[in-house]
Amino acid sequence: MLAEEQEAATQEHLKRMAEDRDTRLTGENNSGIAVFHDAISTFRSLENQVQALYVRTGVEVLMFAVRSSQEQWFRPYVMTTSDHAGNFFHTCFNQDTETYATRFEAYCLSGIEGVQNRITEEVAALKAQCTAGILAQLNDLLAPTILSKMVYADIFSQITLKHHIIYENWPVSKFCTPGKLTLLELRRLHHVLMNGAPLFRHVPLAEWEGLDLDAFQTRHDLISPTAARPLIATSTTVNSGLSTPSDAATDAATGDTVTGTTTNDRATGATTSDATTGATTSDATTGTPTGNTTAVLTGDAAAAPVLPQPTSFSPTVGGDMLTLDGGMVIRPRQRRRRWDAGLTKEQKAEVLALREAEKVKKTAGRQSDGNIAPE
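Residue numbers for the sequence shown follow full-length UniProt numbering, so the first one is 1 and each next one is one higher.
Please keep in mind that the hints were generated in silico from the structure rather than gathered at the bench. From the three backbone atoms N, C-alpha and C, an ideal C-beta is built for every residue, glycine too. Any given hint might turn out to be false.
Simulated pairs of lysine-lysine, DSSO-like, Cα-Cα distance not exceeding 27 angstroms [what the hints assert, rightly or not]:
(1) K180 / K162
(2) K149 / K180
(3) K149 / K174
(4) K180 / K127
(5) K348 / K361
(6) K348 / K362
(7) K359 / K348
Listed next, with one range per pair, are the computed distances between beta-carbon atoms [to be verified]:
(8) N87 / L183: 38 to 46 angstroms
(9) E346 / N94: 45 to 53 angstroms
(10) R366 / T131: 27 to 35 angstroms
(11) K15 / W73: 30 to 38 angstroms
(12) L53 / T182: 37 to 45 angstroms
(13) G196 / T57: 36 to 44 angstroms
(14) T131 / S368: 15 to 23 angstroms
(15) G342 / S110: 48 to 56 angstroms
Using the sequences and the accompanying hints, generate a full structural model.
Pasting the structure below:
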């Protein structure tokens, strides 16, 4: 056949072969399994070529590959030619390349809302893992006692005083439940827990005797001994008994001092106040003050204009606060705690033995100095 005849005979076949080649290169797959195998084979081919390029030239390459549809099956794909890319992401963004690939996939699938949902899911997972890790460490020290949940707000009285366990090496600024931590703080706490670093320590009895619990409580911001107790405001007290305030009450208007006495009859509910030359009587039934309510001021206060007295408080002997209008703000009474509260019989016996040994040691020292005669 002549060349012209060969070209005419193969022209149609060449056109069909070119269409098939374009279909293989750019044609859209019509099934999920075809998309999966096509993507995996292409990734492997690209990875081999990129690794060969890195070996020949030293060019660093970082490649992400994520799906753009829910019907696709493969996971986020990350390829790096060396550790430089991973170290760069850790140093600059405090995250690994896999996390960024996951967020990129979420954005491609559902936009910015998907990224936010991914972060929310990450926070929830970190909270659950940190809570479980903290409880597991504490139960290891408390064995055979098992706690069902961790107490964060009242750990000083519930854990430290009862079981002689304190927390150390806490990686975040404040000791609180993981639910109140930010995402970065959760990641830091989770990293410490995953590395197996101890966050709690059992204090031996000999060290416990010399431990400054007040300093420990204040330093770790556990429980404020004064601010944590709220004041309970009530009306004029009706219980029987007398309450007498201190003799000094500072006048809020002039700064001078007015002396006087106040008697609160808890049986009748009446309050009587005598300040220098003025007397005030308040009836608990009607709440109406009777008698002379003007106090005479001396010194520089006499020349100053008389201003209406604001509502103020003066401490009483019992620690309560007595208002000028006869009301009473009662401070909750502190319950005294036994020294052996929360201790087992063995711990109590050990403490008593240490105290007895210390007493014998001091007695022997005084006898050697000649202060007391030996028994």
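Structure-based check of each hint:
1. Straight-line distance between C-alpha atoms of K180 and K162 comes to about 26 angstroms, which keeps the hinted pair within the 27 angstroms bound.
2. At most 27 angstroms may separate the alpha-carbon atoms for a hinted pair to count; K149 and K180 meet this at roughly 16 angstroms.
3. Under the criterion of a C-alpha separation no larger than 27 angstroms, the hint pairing K149 with K174 is consistent with the structure, at around 19 angstroms.
4. Note on K180 and K127: the hinted pairing holds, with a Cα-Cα distance of about 9 angstroms set against a maximum of 27 angstroms.
5. Between K348 and K361 the CA atoms are separated by roughly 20 angstroms; this keeps the pair inside 27 angstroms, and the hint holds.
6. At most 27 angstroms may separate the alpha-carbon atoms for a hinted pair to count; K348 and K362 meet this at roughly 21 angstroms.
7. Proximity of K359 to K348 is assessed by CA-CA distance (about 17 angstroms); at most 27 angstroms being required, the pair is judged to hold.
8. Separated by about 22 angstroms at the C-beta atoms, N87 and L183 break the suggested range of 38 to 46 angstroms.
9. The hint said 45 to 53 angstroms for the Cβ distance between E346 and N94, and at roughly 48 angstroms that hint holds.
10. A beta carbon spacing of about 54 angstroms between R366 and T131 contradicts the range 27 to 35 angstroms that was offered as a hint.
11. As the Cβ distance of K15 to W73 is approximately 35 angstroms, the hint placing it in 30 to 38 angstroms holds.
12. At about 41 angstroms, the CB distance of L53 to T182 agrees with the hint of 37 to 45 angstroms.
13. Checked against the hint of 36 to 44 angstroms, the C-beta distance between G196 and T57 comes to roughly 42 angstroms, which is consistent with it.
14. The hinted range of 15 to 23 angstroms is not satisfied by T131 and S368, whose Cβ atoms lie roughly 57 angstroms apart.
15. Between G342 and S110 the beta carbons are some 53 angstroms apart, a value that agrees with the proposed interval 48 to 56 angstroms.
In the structure shown, a violation is registered for the earlier hints numbered 8, 10, 14, in ascending order.
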